[in-house]
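Engineer: Using the hints, position chain B against chain A.
Just so you know, the protein sequences line up as chains A and B, in that order. Sequential numbering of the first sequence, starting at 1, is according to our numbering. Sequential numbering of the second sequence, starting at 1, is according to our numbering.
Derived from the structure by calculation, the hints contain no laboratory data. These numbers come from a predicted model, not from an experiment. One or more of the hints may lead you astray.
[To be verified] Chain B side only, calculated, beta carbon under 10 Å to chain A, not exhaustive: (1) Leu-25; (2) Val-27; (3) Ile-28; (4) Met-40; (5) Ala-44.
[To be verified] Among the chain B residues that face chain A by a calculated CB cut under 8 Å, a handful are: (6) Ile-3; (7) Leu-12; (8) Pro-90; (9) Leu-250; (10) Ala-307; (11) His-363; (12) Pro-367; (13) Thr-368; (14) Asp-384; (15) Ala-387.
[As the list claims (entries may be wrong)] Over the 10 Å line for every Cβ pair with chain A, so calculated as not near, a few chain B residues: (16) Ser-4; (17) Pro-8; (18) Thr-18; (19) Arg-82; (20) Ser-108; (21) Ser-162; (22) Trp-206; (23) Arg-214; (24) Ala-280; (25) Ser-315; (26) Ala-318; (27) Gly-347; (28) Gln-396; (29) Arg-401; (30) Ala-412.
All C-beta atoms, glycine included, are put in the ideal place defined by N, C-alpha and C.
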Amino acid sequence: MKKLLIVTGVVLALFAGLIAATVFLPESPDRLANSLTNPRPEGARALGQVLAQDGVAVNQTNSIADIAAAPADSTVAVVLETSLSEDEVAALTQTPADLVVIYSGSGFSTDPGKLAGGRLGVQDWSWGYPAPNAECADADALAAGRLSGDVGYGLVAFDDRVMTCFADGSYASLYADLTTSRHRVTVVAGLSWIRNSGITDMGNAALALRTLGRHDRLTWYLPADRSPTTVIPGSQDVDSFELLPPWSRPVFGVLLAAAAAAALWQGRRFGALVREPLPVEVPASEASAGLARLYRQAGARGHAAAALRAATIQRVAARVGVTTSDAPDTVISQLAQASGADPAALTEALYGPPPTTDTGLAILAETLTDLERKLSSR
Amino acid sequence: MAISGRVPLLVLLGVVPTIMWPQPLTVIGWVVLVVIVSGMDLLAAVRPELLQFSRELPPSVRLSETTTSTVTVLNPTRRQARVQVRDAWPPSATPAAERPLLRVNPGSSLRQLTELTPTRRGDLAAAALTVRSFGPLRLAARQRSLNVPGVLRVLPEFRSRSHLPSRLARLRELDGQASVQVRGQGTEFDSLREYAAGDDVRSIDWRATARATRTMVRTWRPERDRHVLMMLDSSRWAAGRIGGAGNDQLRLDAGIEACLLMAALGSASGDRMSLLVADAEVRQRLAGTAKGSALAAFADRLSLAEAELTETDWSMVAAQVNQLCRQRSLVVLITGLDPALYAEGLGTVLGQLAHSHQIVIAHVTDPTEQAQLDETPDANAAYDAAASARLWLATQALSNRVHRMGVEVVHADPDHLAPAVCDTYLALKATGRL
Chain A
1 MKKLLIVTGV VLALFAGLIA ATVFLPESPD RLANSLTNPR PEGARALGQV LAQDGVAVNQ
61 TNSIADIAAA PADSTVAVVL ETSLSEDEVA ALTQTPADLV VIYSGSGFST DPGKLAGGRL
121 GVQDWSWGYP APNAECADAD ALAAGRLSGD VGYGLVAFDD RVMTCFADGS YASLYADLTT
181 SRHRVTVVAG LSWIRNSGIT DMGNAALALR TLGRHDRLTW YLPADRSPTT VIPGSQDVDS
241 FELLPPWSRP VFGVLLAAAA AAALWQGRRF GALVREPLPV EVPASEASAG LARLYRQAGA
301 RGHAAAALRA ATIQRVAARV GVTTSDAPDT VISQLAQASG ADPAALTEAL YGPPPTTDTG
361 LAILAETLTD LERKLSSR
Chain B
1 MAISGRVPLL VLLGVVPTIM WPQPLTVIGW VVLVVIVSGM DLLAAVRPEL LQFSRELPPS
61 VRLSETTTST VTVLNPTRRQ ARVQVRDAWP PSATPAAERP LLRVNPGSSL RQLTELTPTR
121 RGDLAAAALT VRSFGPLRLA ARQRSLNVPG VLRVLPEFRS RSHLPSRLAR LRELDGQASV
181 QVRGQGTEFD SLREYAAGDD VRSIDWRATA RATRTMVRTW RPERDRHVLM MLDSSRWAAG
241 RIGGAGNDQL RLDAGIEACL LMAALGSASG DRMSLLVADA EVRQRLAGTA KGSALAAFAD
301 RLSLAEAELT ETDWSMVAAQ VNQLCRQRSL VVLITGLDPA LYAEGLGTVL GQLAHSHQIV
361 IAHVTDPTEQ AQLDETPDAN AAYDAAASAR LWLATQALSN RVHRMGVEVV HADPDHLAPA
421 VCDTYLALKA TGRL
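This is chain A alone, in the form it adopts within the complex (with noise of 0.2 Å):
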């Protein structure tokens, strides 16, 4: 009972101080993917800390007055990994400061073309090249030297005067960097080179330090997620209570211990189970059971059949006079006199070969079963 007593109680402490570790501890603040604080596999945390430790002011944001406000000398930064609002969009192509597009690589985004002057288009990427070398006369690209291919998509110049690396066989390519008439623009195709999972890998990291770090101010924009399931930062959940009336809350507390102090009521036993010894027992079939699978298993329908013959012999033999040592002449004769039924079928059926399928010996054994029937039934 002691015993009970301390395990339910070190339970209860356990219980206790899992839920005060869940509610003191602060939530983790960003779980947004690609953001720059978000230490995760698929956040850019990583990214993040470097470039600010090389001296890049690094501002990320969702909101579109903080692209607009971006200076000359800057770099905004866009992950394009859903559709983009036609303000945004706009805000992107007018600001003055220079514009990487990180382009998801997948078909659900805006069309990253939209945001280089409409001189890029996007293309399969072909299966079979994880790893493209740059193989152009971009610097950056040169200095990376390999990049992660696992785009569905990748990048195809519409124009000349649009520099693309990182081709795969056919004509997609993974970066392309053009100038329009009011800023310079790269974008590069694929996830995994900003993200922490996979910025180590290959010259990922050397990609994304270079093209993002081209000047001191880096203003990351993540386009906020229209999900209606997503809690914006700021408001709250409608608290249930606030539509019942004051006192409701108390009073579910009170219900709550109720229900507590009926557990204990109910929970108490009145007094420890009875343990009772069980006799012994086997099933009693279980030689005969044995030797029927051995049987069956061997297909010994021959023995079978034998001992299905010799049992009925034995059974009818005293009913109708003879005994099972007669000839099988005088047991047939006798038979055939006591049942009435051919000689020459119960020769096949007492004396025959025996049966070859288990077809023919389910026929045998009912067919002994019937004349034993017969012959008890007189």
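Structural biologist: Using the frame of chain A, we list chain B on its own:
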């Protein structure tokens, strides 16, 4: 410690003050209040150790009959005790009891009955007696489990007693036959009486007629004071469960029924009955009971018989039989005639036993194996039927072999074993082979 259903209700009452002052403090205050009141109620309860409990129990009950265990609570304290008592028994006793709140006044006592309907043979020991002693408000109780010993012996059911009257009538017939029967084996001289029309003239005692000047006849009766030993095999064979669904039982139970019916019949016919239950060792041994008490003694001993997963040590059994039976006796061996075990087991001693005693082997057959032969819908059933036919043939051959040694073999399914053994006994008695 235990609490009653009043505590959650009392907590629920806290809804009223909470609605009036809707603050967390109200809830906490109410719960603390309930805890304090319950704690005081607990302290006010009479301690169960101060009460005196005793149990009344019949010494034995027949299986499937109902008996009552009575627990008496005596309150020697000066306060009223409010107690609930659980008289715990093993599940096979199927205890059925209401557990009302007993208000035991100072110095008085109350009884609580628990009905027991045992479903298993043997000694049933009462488990702990659990007592809840509530305080005056009946909110909280002190709970203790006390040890109040009690053992109930559950005797075998003896279902086959319905066969007893007809067998006793047969026995009386044998008795009645004796006056017309000429002297022969298996009969002994009973008395002289006057000749009545219809008596066999060959039984007239001429010397007595001459002395008495009336025609006298001698009467005979079946021999009495023979010795019958029932040997019940409690080895692995006895643990076999036979019979179909609903009416299944262990082979041991069928053997026990046979022993009991024979005990009743044998003591009625004036024979001395002995019992031996053995497997690898002797489990029960009862030598030559006095007349009339055989059935009770047998039932008492057989209630404790349990099957063991061992093989029977037949040389030890033979030694025991020779020790128990000094004169030529009827020895009924309730065991399996298993061809696979015969040569190593029973076969080694049966010849010697059959030489010095009249042996009857009672073999329990399985009714489901017989039923299998009636329906053969598919090949699997045919193989099953063939396997049981093969074993049946081997058993038949073995029993023929044993029969040639002068041993009687009784094959019967569990429900008919006891009367079949008794019929064999009566037949042997009538032919004077005891």
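Engineer: Tell me, in ascending order, the numbers of any earlier hints that this structure violates.
Structural biologist: 4, 5, 11, 12, 16, 17, 18 and 28
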